[in-house]
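Chemist: Chain residues, written in single-letter form:
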Amino acid sequence: MHASGPPLLTVEHLSMRFGGLIAVDDLSFSAGRGEITAIIGPNGAGKTTVFNCITGFYKPTSGRLLLSLGEAASAADIAALTATGRRSGATAAGAIFLLERMPDHEIAARARVARTFQNIRLFPGMTVLENLIVAQHNALMAASGWTVLGLFGARRYVEAEARAVERAKHWLDRVALTERADDPAGDLPYGAQRRLEIARAMCTEPALLCLDEPAAGLNPRESAELTDFLKSIQTEHGTSILLIEHDMSVVMGISDHVVVLEYGQKISDGPPDHVRNDPKVIAAYLGVEDEEVAEVEAEIAR
Amino acid sequence: MSTAMDAAATRPMATAKLAAALKDALGTALLTLGLAVPILALRTEQNISNELILQPRWGYVAIAVALAFSARFLYLVAPAAPARPRMLSLPRGFGRVLSAVLLMVLLLYPLIALALTGKAGAVKWIDNFGIQILIYIMLGWGLNIVVGLAGLLDLGYVAFYAVGAYAYALLATSDPVKSFMADWIGAGFWPLWAFWICLPVAGLMAAFWGILLGFPVLRLRGDYLAIVTLAFGEIIRLVLINWVPVTNGYAGVSGIPRPSFFGLPFNDSEGGFAAVFGLEFTPLYRTIFLFYLIVALALLTNWVTLRLRRLPIGRAWEALREDEIACRSLGINTTNTKLTAFAIGAGFGGFAGSFFAARQGFISPESFTFMESAVVLSIVVLGGMGSQLGVAIAAFVMIGGTEILRELDWLKRIFGPEFEPTQYRMLLFGLAMVLLMIWRPRGLIAFRAPSIFLRERRLVRAEMVKEGHG
Chain E
933 MHASGPPLLT
943 VEHLSMRFGG
953 LIAVDDLSFS
963 AGRGEITAII
973 GPNGAGKTTV
983 FNCITGFYKP
993 TSGRLLLSLG
1003 EAASAADIAA
1013 LTATGRRSGA
1023 TAAGAIFLLE
1033 RMPDHEIAAR
1043 ARVARTFQNI
1053 RLFPGMTVLE
1063 NLIVAQHNAL
1073 MAASGWTVLG
1083 LFGARRYVEA
1093 EARAVERAKH
1103 WLDRVALTER
1113 ADDPAGDLPY
1123 GAQRRLEIAR
1133 AMCTEPALLC
1143 LDEPAAGLNP
1153 RESAELTDFL
1163 KSIQTEHGTS
1173 ILLIEHDMSV
1183 VMGISDHVVV
1193 LEYGQKISDG
1203 PPDHVRNDPK
1213 VIAAYLGVED
1223 EEVAEVEAEI
1233 AR
Chain W
274 MSTAMDAAAT
284 RPMATAKLAA
294 ALKDALGTAL
304 LTLGLAVPIL
314 ALRTEQNISN
324 ELILQPRWGY
334 VAIAVALAFS
344 ARFLYLVAPA
354 APARPRMLSL
364 PRGFGRVLSA
374 VLLMVLLLYP
384 LIALALTGKA
394 GAVKWIDNFG
404 IQILIYIMLG
414 WGLNIVVGLA
424 GLLDLGYVAF
434 YAVGAYAYAL
444 LATSDPVKSF
454 MADWIGAGFW
464 PLWAFWICLP
474 VAGLMAAFWG
484 ILLGFPVLRL
494 RGDYLAIVTL
504 AFGEIIRLVL
514 INWVPVTNGY
524 AGVSGIPRPS
534 FFGLPFNDSE
544 GGFAAVFGLE
554 FTPLYRTIFL
564 FYLIVALALL
574 TNWVTLRLRR
584 LPIGRAWEAL
594 REDEIACRSL
604 GINTTNTKLT
614 AFAIGAGFGG
624 FAGSFFAARQ
634 GFISPESFTF
644 MESAVVLSIV
654 VLGGMGSQLG
664 VAIAAFVMIG
674 GTEILRELDW
684 LKRIFGPEFE
694 PTQYRMLLFG
704 LAMVLLMIWR
714 PRGLIAFRAP
724 SIFLRERRLV
734 RAEMVKEGHG
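Residue numbers (this note's numbering), protein chains in the order written: chain E, 933 to 1234; chain W, 274 to 743.
Keep in mind the hints are simulated off the structure, nothing from the lab. All C-beta atoms, glycine included, are put in the ideal place defined by N, C-alpha and C. Check the hints yourself; a few may be wrong.
Computed Cβ-Cβ distance ranges for the label pairs, DEER-style [unchecked claim]:
(1) I711(W) x S994(E): 40 to 46 Å
(2) R698(W) x R1087(E): 50 to 56 Å
(3) G307(W) x R949(E): 54 to 60 Å
(4) E1091(E) x Y565(W): 33 to 39 Å
(5) L491(W) x W1078(E): 48 to 54 Å
(6) V1080(E) x L485(W): 20 to 26 Å
(7) A1007(E) x L485(W): 43 to 49 Å
(8) R1087(E) x D682(W): 38 to 44 Å
(9) I711(W) x I954(E): 47 to 53 Å
(10) L485(W) x S994(E): 32 to 38 Å
(11) K685(W) x V1080(E): 52 to 58 Å
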């Protein structure tokens, strides 16, 4: 499971300030290729801010967000790209992207980072199928000859659209929404909307899938199904997943690697077992006194 | 047993409901009284010796109060309409049959008008009704791309109509262009072909201005976008008024060449349309030709819009209306998406504008006031945002309705010779809008047809669909 080699996403010294508020403070971590990385932390720790920086919705105050597709990039390549003003560069067998320099839609389209939102953001007035077709916009746009060929019903576009529908059907099947394909997305129950949002993100064929609290509001059975679903995405599609989650059964069940934030700073980083027993993490979650932390640390040492 | 009990329980409930309705209606009547007294009750008139005399009109007040009371009362006691289904399935091919029927009626309309009213009367019916309504249908369809599909509230659409009209008028009447064409191709060429050459130019020009407007407003949403587009419309109008050396200011541009029948002029000359086809000359042919021309232009707008809705660009417009942030997270370049919506919507406005200039033969800034934008926008909103059929119906009712007021001279026999039905145009317009917004808050056609389906095309109720705020 633990893919070897250098990570897919490397976050280095990321800081995000809103006026006087430091939401993320000098954060560094990495998300491994083909792994599920979870970011956890108490409310207000800056988890969603990190997500928004990675997906380009915020411009970080400082830091480097490096994403490398294909074979690992050499340090020399990375340094060379950083030195130039460019956003991305091709390497011997792949490409590297400096996400902090890219606008949000480009991160999704070129660096292949897809995301979901804490408060679900579907297109409620469009049908379930349409939601999944819109997700394949860029491929279809190219096939339609930037609309010109498509306007005259070019075969190339018709075929591309049929392929898009096939992919949508595949994902509908995976999230058990085939029956509701022609219903408006806003009509679906909450859990189904969460699944559809993940399916929509997967329709963009991402290399990195960022999920912002995918289990929020789900019942235990739905959470368990979600865990299986995410596992299968990881194994069958090789998609790396970055995950914000409060539901510890989900986090501990599927994560290969957990990063813990508190007040914008990283307080722990490692495999689930390590994090689970980290006294700092326990203190952050239970809000204990400093002396008690020392006690707990002493106990663990014993 | 239980039914008897139910009936016994229902009776006092019905009485209570009636009493509540009566109370509510009385309140409405009082409110109407308060409003009617200052507006309707007293009227000042000049008598022969130039004195102002007060003329009481308490009868009108009584009528207004009675109308308000009974309307409110009936509205409240009327049985509630059964809940409409959230989804609607249409029989297969329904849309196709409907559009075929409507198209046939449209194509036969000039002949029907001719048969019913004769040559003299037909001009009015084809021009004032047919062409006028179709221009607004086309404008409504053009604006529908921006407002209905992309969800960008545009209050300055008339600017593109003006750009199209002036682009054609100024190019066609410009002396350098005329002499250039006369030198290179021949003196007769430009007046005959100006319209056909300038029509695409005017559309492109308007699309260009659509992009120019689009850039500064990319980051604006909702109310702010509406205000800036409104200002843009006013700027264009003020430039047209004040740039006298080019636009001739308030005086406008006259002598705009009329469209030819692909090179054959509509006059009684040897080479004219009537002579070539061996017909007796009548100005009616030009009107009929203009009618079919605007039908073709409107249908082109409709065809392109319907095609675009099934293409990625159209789906991206609708997705933009639904949720812009989600669009960006899926890699959709929202800047380009907004700009194409502005450009294509504006382009159709420009086509309509250049047709308008060609039909009138004279244009001035007075034709491009904010009122025009407001009318076109209300057509889109009343029709049901995003619905092509709804827009067409709304334009037919609103423009046809206001035109029909001119035909209601018989009302003078009831209300006296001073009664001018056309003066009530705006009042009726407003009343119709208020009523429609109560009856169908999401417009006449409050369903959205999905652009693609897996098994069954089910219409989406408008309540699900976002109205767009950016």
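Chemist: Could you run down the list of hints and mark each one as holding or not?
Modeler: Hint-by-hint comparison with the structure:
At about 55 Å, the beta-carbon gap between I711(W) and S994(E) misses the expected band of 40 to 46 Å. Distance hint for R698(W) and R1087(E): a CB-CB separation of about 51 Å, consistent with the stated range 50 to 56 Å. At about 57 Å, the beta-carbon gap between G307(W) and R949(E) stays in the expected band of 54 to 60 Å. In this structure the hint that E1091(E) and Y565(W) lie 33 to 39 Å apart at CB holds, the actual value being about 37 Å.
A hinted range of 48 to 54 Å for the beta carbons of L491(W) and W1078(E) is inconsistent with their spacing of about 20 Å. In this structure, V1080(E) and L485(W) meet the distance hint of 20 to 26 Å, their C-beta atoms being roughly 22 Å apart. For A1007(E) paired with L485(W), a C-beta distance near 46 Å keeps the hint of 43 to 49 Å intact. One distance hint, 38 to 44 Å for the beta-carbon pair R1087(E) and D682(W), is violated here, with the actual separation near 59 Å.
I711(W) and I954(E) have their C-beta atoms about 52 Å apart, which keeps the hinted 47 to 53 Å range intact. At about 36 Å, the beta-carbon gap between L485(W) and S994(E) stays in the expected band of 32 to 38 Å. Our hint of 52 to 58 Å for K685(W) and V1080(E) holds, since their Cβ atoms are close to 56 Å apart.
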